[in-house]
Each structure stands twice: as structure tokens, then as C-alpha cells.
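Listed here are the chains, written in short residue letters.
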Amino acid sequence: MTDRETDPEPPLPFANEPLLELRREEVRESLLAAAGVLAERLPLRVPELISEERREGEDLVSSDPGEPALTVALAPIAGEAEVSRAIEAAAAYAPRWAAAPAPARAAALKAAAAHMRARREQLAALAVRECAKPWGEADADVAEAIDYLEYYARAALELTERTTLDVPGERNTMRWAARGVCAVIAPWNFPLAIPCGMLAAALATGNAAILKPAEQSPACGAAVVEALRAGGVPAAAIGLLHGEAEAGAALVSDPRVQTIAFTGSAEVGQAIIAAAAEVAEGQRDIKRVVSEMGGKNCIIVDSDADLDEAVPAIVRSAFAFAGQKCSAASRVLVHESIAGPAVERLAGAIATLQVGQAGSFATDVPPLIDAEAQQRVERYLRTGCAQGRLAAQSRGPLPAQGWFARPSLLTALPEDSALLHEEIFGPLLTVESVSGVQEALARVQRLPFALTGGLFCRNPRTVELVAARSPVGNLYVNRAITGAMVGRQPFGGNRLSGTGVKAGGPGYLLQFVDSHVLSENVTRHGLVV
Amino acid sequence: MAVSTPADQQILDVGRRLLGALRPRTRGPVRAVDERAIDLTSRDPELRAAMLRLVDVAPGCRSPEDLAAHLIGFLGQVEHRPAALSLAMRMGDTRAGRTALGAAVAAGVRHVAHRFIVAQTPAGAERMLLELWGQGIATSVDLLGEATVTADEADRYARRCEEALRELASCYAKAPASPALERDSLGPIPRANLSVKVSGLTPLLRPQAPELGVQDAAARLRPLLRQARENGAHVHVDMESYDSRETVARLVLDLLGEEEFRDGPSAGVVLQAYLLDSPALAERLIGWAEASGRAQPLVVRLVKGAYWDHEVVDAAQHGWTPPVFAEKAQSDRNFEALTRRLLSARPHVRPAIATHNLRSVAHAIVANEAAGGDPGDVEFQVLYGLGDELMAALAGEGYRVRAYCPVGDLVAGMAYLVRRLLENTANEGFLRLQADGRPAEELLAAP
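Keeping their order, the protein sequence lines are chains A and B.
For the first sequence, the residue numbers in our numbering are 4 to 532.
For the second sequence, the residue numbers in our numbering are 120 to 566.
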């Protein structure tokens, strides 16, 4: 940032927002109370926000995935005109927000964090209802949103002028400046954390931003924008538009947008990167795309793995939130010497999974987000059953309504099976027996995705080998492979999984700024002055 | 009836008497080597970590060579290696060397395990259990097992428990009468005693949904209680980490409150003094016992708690205040307060004081006397392999002692073994201080 003001009181070092201690009954009761209050307010009327303008509408409907007949939120869909006006407003205000002192912007983010912190239960209840995130996951989503605000607020303060190599008579400095308008296109699976993280990064570095939340989670997206505005981010610096693919495409292709921050499917991500590469008449910037896409995440289980720990961790990685995380486990590659007990114990553990409504604390596996997701998972399951062996499914009846899919384990699939290569984004897990870690690594390396990976192994040398050879962005050893924490596990994938920048890590903010190098001659008449 | 705080001088006197009675049982050359090894590793944190990781992985290794490869990997992370271990690493250079090294390590791990694990099966433990009985020591048998992650595994564990109850009953039927172990002023005490883990009885332990685990475990615990009643055996439900505390407490109180178990069997729970909220649980247990109308008193085993490191790390990772006292002295003080509370809750509660800390033991003896209890009205419990000298001393002084005896194979016992080794090598632990030859005044000082 160009301003040299320093915060009079440097903030405390970053620490992750503590998760709610759900093992305590009084904490659970406070969440249920919040859910009760929310239920009374449904359906929520979620506005479109362009500067001070506020428009309501009923074109877009989000519903409870566990009770599809129940409307959670109603929102207006932004047409071309609204998209254009939102960008115009953001572009007009962007220079003023960029000129605000970095500490003032950071203070607004921290105030937004405080706003969310004061509404922990309400926000979690909203994610439970709109996205069917079970309580623990929903609370973690709120905590992560707060983490991003706190983390990027601090990181932006550190992004000050830096001296590069100096020689006598020459003064060289490097500075960073906001790029302008950032379009944020967010998914529904982390309906608070991911939009909040992308917005916070754009805003902390002085960009104006426009959020288009996923059409499945407009109310969660609106809650994030509301928190940022309540924290002191000017209305003109942050807009909120709703809609499906068209609204997103209009944002991406507008020449007045400089940066696009996207998290979602590989298909949409690649389309955005392609569209952003087009330079329109009169456009002055090459658009920069920060894109987090899918994964096909493998867990390698070596012969010395402790199955007592590996089995629950794998089950959690694959089936929590019904597998609807880009980091979720999809393939298990297990050493042939323990493949028998590993499959048997995984099968038995999957059979015990509690499939149910997200609002029940006893639920392990909630419904999928929508009918389309349910059909997709069923299709993969049918393919898998035809090609291989269905080794296990959860027991007990599925709830009568809701987009439920049965957690399933498949084995004996042919090497070219779609189930081993495509992202399913649902509660299906496959197991393959391999001759050893080398073969497992070879299979991982053949995949085009490289987001997360896991290894269960107790030999330090094998851990080193896999760490050196695995292409994944986030490798987890002897633990579950989901649940990356801001600052602790900067998160992002390689290969087709993303543009490789780690959210919640050092360097993320550099995607949202341009760098300028100033080289000044400080000699006059041969003297250094 | 409240039990007053005993005077430190009395505790010191009793403690000195016990200290004088502590005789190393058989300090043969093998045991001396064990203790040197434990001593050595407990002083170097890296070496200690390497040793624990090695013991942990040993049963999971495919071959001696594989085990040697792990040893070398772990030692590679230790900065200051004693000469013997550098030699071990050099042995790893050849295949023959690795095989020999792996075989030696496997034998070493088995040897260490045998110090803490009585036998592979309850039937196999019979000779040892009767031998202890002959020395005036009762037991509680704990069946080591793999973690339960499936319903089949829970069923299997429950079946093993049922078999164990029958086998223990038949084993102890052969034992001669030992009045001190079989009765106190509250009534008869079963000979056969089995400790049961709820984490073994259900794969559905969910910290945020205790009702799920209660319901699932109850279906397996009920037949066990019936079996125990039939065999005249005692069932003791262990406590584990804080995540399952509520499930365990609710399960035990729910089931024992059921009409069919009014007249038996004898049963018990555990109170962990390192928990900040243990006084509240104590009141809940006592209140329940007073109101239950059961024929037998509720046995409450008071322990410090074996999951301290886990609780602290788990809390740190989640940003929570740990549920345990930060300082060992706080746990020790709370242990004494809870001892007095449990002693005062007789006849509804039968307290069992489970600790290797001589000060805590001496405190309980004095507090019991002060409350007008007979020496036999308070039970002491120790861990087999860790508290051997203490149990011999207590038995010799005429107190009722019960040894907690793990039974099971090495693979299944690993989690237990690692916890015991951690305890044995912890710098603050009483046994370590005692081994260091600290003076009696220091060992017996008020916490």
C-alpha cells in the first residue's frame, strides 16, 4: 500500500477463532434456540445491494435441502442492467477506497469480524438451514469467515513499502496498489467462509468488490455483505448481486472488472479463466483470476497404518457434509497387506453412519444441496455398482423428504472407471488395493487434480517420500484431510484444482494488488544526496 | 457427615510408614535395565518421542526388517543419540543387520508390554490373578482391544466381556476365602471384577450427541449387567476422554437406575480429579446413589485421569479452555477434596482411591480414620506393572487393594501401553520423583 501510516496499536497476533464446544449441552441449547428464532423469520427477503440502493425480489428461491418445500430465502435476480450498474458504482468508488489508509480498511474488517462473532449462533443456524450444513460444520464455517477477516486485515497491514536491493546513489522501493474492481463468485458449500475470505482479501487491499453468492445460498452471502457493511466498509465499496450462471458470466466478462475471485467447479472455473482472457474493446487490464476448483482427493494407507485411527479419519474425510467439500476424500489407496481389514472396517464404519437432517446433533451425513446433486450422485452410484462391488452402505431408512444420498463404499472398480477420475462431490468412497506407496503415488500422479491428499503411515522416511512426490496442494499425514484452518493450513490446489494460491496463507493478497517499483536516482553532481 | 481435612503431620506419619514398607519386589538385572532405559529416555524429549513411536508402531510392522526401518527412521529425528543407538542405526545398513535389529526391538517391545499386560486372555491370566489374590490383592480385569469403529466390533467386545465375566467367576471360585477382600462394613464385595470401556461397546460415541452413544451402548451393556448379576461379579465402567464423559455418566446412571438392576449387580463408575468440573459430577453421582434405592452401593473409583495430554492438546487445537487443571498440584488438591467427599457419601457410595501417589494414599487413609471408618472401608487401586510395590505395601499393611489388570494381545494393547509409558516417563509423575530418591517430606508434602 502506498500510505505509510502505521496503526498506533499493532493488532494482536492472529489466532484462529475458537470453535463452539458442542460437547457442552448449554452450547447446543443456544444453537437450537437460534434455529428456533430463524425458523420464525422464514422466508428471509434477501436484497440486491448496489451502493445505497436496495432491491428485493422473489425470482430466486433458496430452500432447505432437507425439506425442499420450505423456502429459506427470496432474492431478486440481477439482469444485465443491474450487473452493469453495480460495476459502475464499484468502479467509481474504487479509487476512494484504495486511497483510504490501510489501517482504516483493516479496522473495518476487524469490526466486521466482531459483528459476526456477536452472531455466531444465528449465522450457524442460517448455514444449517440454507445449505444443510450440520452444526459442527456450520459453526466451523462461521469461525473460518471470522478468521479470514482477521487474517487478511493483518496481512494487508504488512503489505507496506519494501526496499529492494540498493546501491549507492540509487533508492529502490517496491509498493503495492489495489487493482480496482473485484468480482467474487462464491460456492454454497462454505456459504459464509469462502465468500467472506475472497471479499476480505479484495477489500483489505483496497479493491471495491461485488459478491455473487451461489444461487443455493443467497441468504448466507447477504449475511457476509451485511457484516462487512456493518463493520464500516462503505456501501459503495461492496455490492451484492444474485443470480445463476448468467449474472456470473456478465460480471466476469465486463471490461471494468480487474480481478475475479472464484471458488467452485472445475468446469465453471475453466470457463471463467477462458472468458477472462478475452480483452474487450477499451479494456485496460489483463484480468487476473484467482480460482479454486475441484479435487479428486486420495488417501494412501501404508502397511504400518494404525487402522484404529485411519478408519474414523477416512470416514470423516469422505462423508462429513455428505462429501460436499472440495477437500473431501474420494479414493483410498491401501497397501495390499492390510486391504482386507481396511475394507472390512471401513464398510462396518460406513454402515453405522447416521444419515439425517442437518439440524440434528446426531447427524453424520446430511442431505445433498439439491435435486441435481442427488441425481448426479445416484448416477455415479449406479455406474459404480455396475462396474465394481458395492462394499457397504449406511443402514436405516432415509428421511422421507430431502435430497439424501446413501453413504456408499465401492471396491473392485476398473482402472478407467469414472468414479476414480471424476469429482463426484457426494458421499461415495472408493477403495483400491495397491502393492505399496510407490504404486499409490503413481496413481495419484496420473490424476489431473491435485488439491488435498492424505497419508496414513508411521515411517518418517515414507512420509518424506510422499511429501516430496505428491503433487497435491495440501497433504495431511495421519489425520483427516478436510478442515484446513486459516493461517495453519493455507489452502489451495495445484494442477487443474486451482491457480495455486493459498487462501488463508502468506501471498494470497498479492493476487489482489499490482506491484510498482520505484527507482530513484539520489545523486546530484556525483554526490549522494 | 462431612469429613474434615486431616492434619499434615498425620499424613506424613502414615506416608513414612508406607514408604518404609515399599520394598522393591525383585530388582533383578532385567528390571534394572528396564528402569535405566526408561530413565534415559525420559530425560531426552526427542528420544522419548522416538521410543514411544517405536513401541506404538511395533505390532503394525510386517517383518523385523520393517520394524528396523521404522526404528532407523525415528532415530534419524533424534539429535543426540546415545552410542548404543548410533550402533543400531549402523546395523540398519545391511539386510541381515536390519533383520537382527528388528528381531531385537520386537523382543524388547514384547518384554516391555509384558510388564504392563497380564496375559493375552482372561483364562490365561488365571494363575496370575490367583497368585495376586494369595498375596491379598484383588483385581479388576480390563480387556484391551482395538478401537471399536463398527457394530460388529462392538458386539465382539461385548461378547469378550461376557466370556470374561464367566471366566473370572470360575477363576475366583477356586480362590480361598480372603475376608479383607470380600467384605467391608457396607456389605459383601464381589471377587470377580471387570472394567468395561464404553468406547468398546459402541461405534456411535459423539461428543455433541451423547444420547446416540447411550442408546447404542445400553443395548450391549444390559446383557453384561445381567451376566455379572448371574455370576456375582462387579462391572466397572471406565472413563475415557472428556468427549465421552457425558455419554458414560448418563449411560451408567440410566441403566443402573432401571428396575431390573435394583438388586444387582454391583457396579461402579470413575471420577477423574483432573477435570475442572469433577466436583459437580461427584455431586451428581452421590445424589443419584442416595436416591437410587439400589441394593449395593455405587462404587466410585477416584483417579487423577489418564488423558491429560490429550485434553490439553485437543483444547489447544480447537481454541478451548482445557477441561483439566493446568497444574498437577491443583489436580492433587482436588483429588484430596474429592476423597473426603466420597468418604462422606458412604453408605451410598463405596469409594476406591486409585493412585500411585503416596501422599494421596496417605491422605485417604488418614481421612478415612478421621471419619471413623475401618481401615477396610476404603479401597485402594493401582495399575498392574506400575504400582506393584505400592500394592504389596498396602496389602502388607492390611488395606484392601485392587490391581487394574489389562488383558489382551500386544496389537490391541498398544494405546494402553503408550499411555502407561507416557505416565512412567512424565517428569512430574510421582513414580518418577520417587525413583529419583526425593526425600519423604517432599514426596509427602501437601500439594
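Incorrect hints may have been included.
Stated by the list, open to error - Just so you have them, the derived chain B footprint on chain A, three or more residues with Cβ under 8 angstroms:
(1) 26-33
(2) 72-86
(3) 115-127
(4) 311-323
(5) 431-439
What the hints assert, rightly or not - Some chain B residues near chain A, calculated using beta-carbon distances under 8 angstroms:
(6) 197
(7) 235
(8) 323
(9) 433
(10) 435
If you're looking for bench data, these hints aren't it; they were derived computationally from the structure.
This structure is a prediction, so every number in the text was calculated from the model and none was measured.
Think of the CB as a built atom: it goes at the ideal place given N, C-alpha and C, for glycine as much as any other residue.
Task: Hints not upheld, ascending by number - done: Structure breaks hints 2, 3, 5, 6, 7, 9, 10.
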